[in-house]
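Those protein sequences? They're chains A and B, same order as listed.
Mapping of the first sequence onto my numbering: position 19 corresponds to residue 19, and the numbering continues sequentially without gaps.
Mapping of the second sequence onto my numbering: position 71 corresponds to residue 71, and the numbering continues sequentially without gaps.
What the hints contain is simulated information worked out from the structure, not anything from laboratory work.
From the three backbone atoms N, C-alpha and C, an ideal C-beta is built for every residue, glycine too.
Just to be clear, a hint being listed does not mean it is correct.
Not the full set, but computed from the structure, chain A residues with beta-carbon under 8 Å of chain B [what the hints assert, rightly or not]:
no. : residue
1   : Asn2
2   : Ile19
3   : Ala20
4   : Pro21
5   : Val25
6   : Asp39
7   : Val43
8   : Ile46
9   : Met49
10  : Val50
11  : Ser55
12  : Glu59
13  : Ile60
14  : Glu62
15  : Asp64
Over 12 Å on every C-beta distance to chain A, these chain B residues come out as not near it, computed from the model [what the hints assert, rightly or not]:
no. : residue
16  : Thr256
17  : Thr263
18  : Leu269
If the Cβ cut is set under 7 Å, some of the chain A residues that face chain B in the computed set are [said to hold, decoys possible]:
no. : residue
19  : Thr6
20  : Glu22
21  : Thr69
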Amino acid sequence: MNEIETRVRAAIRDGFRQIAPEVDVDEVDPEADLREEVDLDSVDAINLMVHFHESLGVEIPESDYGKITTLDAMVGYLTGRLAGQE
Amino acid sequence: MSGMYLMPALGAGMESGIVVEWHVEPGQTVSRGDVIGVVDTEKGAIDIEIWEDAEIAEILAPPGTTVPVGEPLLRLGVAGDRVPDPPESTPSPPSQARRRVSPLARRQAAEKGIDLTQVTGTGPGGAVVMADVEAAEQPAAGPSDAHRQASMRRAIAAAMIRSKREIPHYYLAHTISLESSLRWLEEENLDRPPAKRILLAALYVKAVARSLEEFPDLNGFWENGAFRPGEGVHPGLAISLRGGGLVAPAVHDALTRTLEDLTEGIRDLVQRARAGRLRASEVTDPTITITSLGNRGVDAVFGVIHPPQVAMVGIGTVVERPWAERGMVGSRRTVTLTLSADHRAGDGHGGSLFLAGVARRLQTPEAL
């Protein structure tokens, strides 16, 4: 795991701790749709986006929300965006 | 004037709460609206606020104490007054050397393996009584999740039974195209950073609030055989909790807030509801409830009114449908709005005008 991915995974863990504290990220199927897997709703989703913006500096446009519906996709998307910034 | 600060009733069906912590100490001056402590209930830990300017004279219920609704938590003095010295009989933590324990409490503690030196005494002279030992069995943070869920389920059951027994509901539904509003929203959010983006939920809340201004007889309570209008428009937002159950805390003063401000409020409210950190006023103030099963794929929700409120607005999932308009059939994103209302407080005619008003306002979001 490279440094960027480590940062991304830490930000995701931290985000879930704040926004969905009852969710154990380690127990979540990384390929499952988070809306179904952990009952994430649109308000949780925007709160996560705000968290990623504040913690990683990655601003996710609304039109990309549909691309990050699973944990794996989230890691991939954020890692890609961060790598692109460097 | 001095008085008592009592355990508030934080929702229908609440019988008692557990003091988690105090943010105040004797002698401290507090102002109306200050959060003075935290009480654990089946709705989670709730920040309790004080409703007058006062000075805290004495803490009567230390953390860990279970206190029935309406029983005193604090003794208050008038702000600015000198705090009187506590009378001799005031419970205060005595030194361990001469600590008194009731026989029943001692037996109970021995049975449960509870260390009496760790128990706060609330009996005469700070003596440890049975209730203190029982409170000590619970962790200070409150009851277990399973216990909380069970009592929340019971509270919901009691409120819903009362609703269906007492409230003659009537139901209305109205499906509208949201296409132009969603396009407006997408455009509006395009250049905004995530924290400033407007949520569709804010549009719903504002449209409902604006229509309530026009139809105030849906904004309030049915009590003792008569309608009492709400003071202000504070829609409660039904928020499902992932562990089970739901809460419907108020979005305060929805009428006067901007969509941006409402979005921020809703985001904060949902996050705190799920973390179990609501304010007492948010739990007790809703004048109507809005329930949205927007992410769950159902077309429409016909809510059960939360007594003593007189109405609930239901919002279904935004779904793409074939839509006829001006003689043409096209594809539009649509939503079905519903109203459940108390027929004692009003009639379907008023309800339908209200719902049409919500629909009209939702379709002109730039005016909200």
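Evaluated hints:
1. Below 8 Å, beta-carbon pairs count as interface contacts, and A:Asn2 has none with chain B, the closest being about 25 Å; its hint is therefore violated.
2. Because the closest C-beta pair between A:Ile19 and chain B is about 6 Å apart, less than 8 Å, the hint holds.
3. The beta carbon of A:Ala20 is positioned within 8 Å of a beta carbon in chain B (closest approach about 7 Å), and the interface hint is therefore held.
4. A distance limit of 8 Å between C-beta atoms decides the matter here; for A:Pro21 the minimum to chain B is near 6 Å, and the interface restraint holds.
5. The interface hint given for A:Val25 is broken, as the beta carbon of that residue sits about 14 Å from the closest beta carbon of chain B, more than 8 Å.
6. Among the interface hints, the one on A:Asp39 holds; its C-beta lies about 5 Å from the nearest C-beta in chain B, closer than the 8 Å criterion.
7. A distance limit of 8 Å between C-beta atoms decides the matter here; for A:Val43 the minimum to chain B is near 4 Å, and the interface restraint holds.
8. Interface hint status for A:Ile46: upheld, as the beta-carbon distance to the closest one in chain B is roughly 6 Å, under 8 Å.
9. Taken as an interface hint, A:Met49 checks out: its beta carbon lies about 4 Å from the nearest beta carbon of chain B, inside 8 Å.
10. Interface restraint check for A:Val50: the shortest CB-CB distance to chain B comes to about 5 Å, inside 8 Å, so the restraint holds.
11. Checking A:Ser55 against chain B by beta carbon gives a least distance of about 12 Å; that is not within 8 Å, so the hint is violated.
12. Interface restraint check: A:Glu59 against chain B, minimum CB-CB distance 6 Å, threshold 8 Å, status holds.
13. Below 8 Å, beta-carbon pairs count as interface contacts, and A:Ile60 has one with chain B at about 7 Å; its hint therefore holds.
14. The beta carbon of A:Glu62 comes within 5 Å of a beta carbon in chain B, closer than 8 Å, and the hint placing it at the interface holds.
15. Look at A:Asp64: its Cβ only gets to about 11 Å from chain B, farther than 8 Å, so that hint breaks.
16. In this structure B:Thr256 is separated from chain A by more than 12 Å, as the shortest Cβ-Cβ distance comes to about 22 Å.
17. Some Cβ of chain A comes within 12 Å of the Cβ of B:Thr263; the nearest lies about 8 Å off, and the non-interface call is violated.
18. Non-interface call for B:Leu269 relative to chain A: violated, since the shortest CB-CB distance, roughly 9 Å, does not exceed 12 Å.
19. Because the beta carbon of A:Thr6 sits about 23 Å from the nearest beta carbon in chain B, more than 7 Å, this interface hint is broken.
20. For A:Glu22, the interface hint holds, since its Cβ comes within 7 Å of a Cβ in chain B; the closest pair sits about 5 Å apart.
21. The interface hint given for A:Thr69 is violated, since its Cβ lies 12 Å from the closest Cβ of chain B, which is over the 7 Å cut-off.
Consistency note: the structure conflicts with the earlier hints numbered 1, 5, 11, 15, 17, 18, 19, 21.
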